[in-house]
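Numbering (the working numbering), first residue to last: 151 to 311.
Any given hint could turn out to be false.
Ranges between beta-carbon positions, derived for each pair [unchecked claim]:
1. T201 <-> V242: 22 to 32 Å
2. P275 <-> V219: 35 to 45 Å
3. L254 <-> D172: 30 to 40 Å
4. G280 <-> H224: 39 to 49 Å
5. L254 <-> A217: 13 to 23 Å
6. G259 <-> T201: 32 to 42 Å
7. V242 <-> G296: 29 to 39 Å
8. E155 <-> G214: 26 to 36 Å
9. G298 <-> G214: 11 to 21 Å
10. D223 <-> A164: 33 to 43 Å
11. A194 <-> G303: 41 to 51 Å
12. I306 <-> V219: 33 to 43 Å
13. G283 <-> A217: 31 to 41 Å
FYI, nobody ran anything at the bench for these hints, they're computed from the structure. Don't be surprised by glycine CBs; every beta carbon is placed ideally from N, CA and C.
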Amino acid sequence: MKLEEIGGQPCSVARALSVIGDGWSLMLIRDAFYGRTRFSEFVAHSGAQKTVVSDRLKRLVADGVFARVEHPDHPGRPEYRLTTMGEDLAHVLLALSAWGDRWLDKGEGAPIRIVHRACGHDAGPRIVCGHCGGELDAGNLRAEAGPGFPVDGPAIFGGHR
C-alpha cells in the first residue's frame, strides 16, 4: 500500500499520514514555521532535491496545508504560506521536536530552542485532556470506535469494536 492510499482507512492517524507522512513534507512544514516561504529557501534549507521540493509543495498545496501566493514585490515568484490547516501542525512539530530532544540528542542537548513568545521560556509541550486538564500519556489512554467509524469496519481495537 502506498502512503497516499492509507488515507482510506477509518483512522485519523492514517488520514493525516497520507497528507504529511513523508519526511520531506514535514521538513518543508518545519521550514515554513521557521519563516521560510520561497521555493529556493526550501531547497537550500531542507536538503531535498529541487524535484522533491517541487513535488511535495504541489501536494501540500493541493491538500490545503500550504497556499501558493504571489510575492507582492516580485510578481511571478510565488511564496508558499501555511494555511490555518498547516498552522495547526505546530503541535505535531512541537511533539516531534520534544521527542527528538529527549531520545535522540546524543547527550548534547537540544539543537534548536523553541521559545514561547509570551513568556520567553522554552516551549516544552504538554498534551492535556481538553475536558479535565490532566496530562495525557500512553498509559492513561484507550482507543474506541468514534462516530465516524464504519459499522462494518475492521476490528482494530485489540480485537474489540
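Verification of the hints:
1. Roughly 25 Å separates the CB atoms of T201 and V242, a value that falls within the hinted 22 to 32 Å.
2. A hinted range of 35 to 45 Å is violated for the C-beta pair P275 and V219, which are about 29 Å apart.
3. Checked against the hint of 30 to 40 Å, the C-beta distance between L254 and D172 comes to roughly 19 Å, which is inconsistent with it.
4. Between G280 and H224 the CB atoms are about 43 Å apart, so this pair conforms to the stated range of 39 to 49 Å.
5. Checked against the hint of 13 to 23 Å, the C-beta distance between L254 and A217 comes to roughly 32 Å, which is inconsistent with it.
6. In this structure the hint that G259 and T201 lie 32 to 42 Å apart at CB holds, the actual value being about 35 Å.
7. The given range of 29 to 39 Å is broken by V242 and G296, whose C-beta atoms sit roughly 20 Å from each other.
8. E155 and G214 have their C-beta atoms about 19 Å apart, which leaves the hinted 26 to 36 Å range violated.
9. A hinted range of 11 to 21 Å for the beta carbons of G298 and G214 is consistent with their spacing of about 19 Å.
10. The supplied range of 33 to 43 Å is met by D223 and A164, whose beta-carbon atoms lie about 41 Å from each other.
11. Between A194 and G303 the beta carbons are some 44 Å apart, a value that agrees with the proposed interval 41 to 51 Å.
12. Between I306 and V219 the C-beta distance comes to about 40 Å, which sits within the given range of 33 to 43 Å.
13. The beta-carbon spacing between G283 and A217, approximately 34 Å, falls within the hinted interval of 31 to 41 Å.
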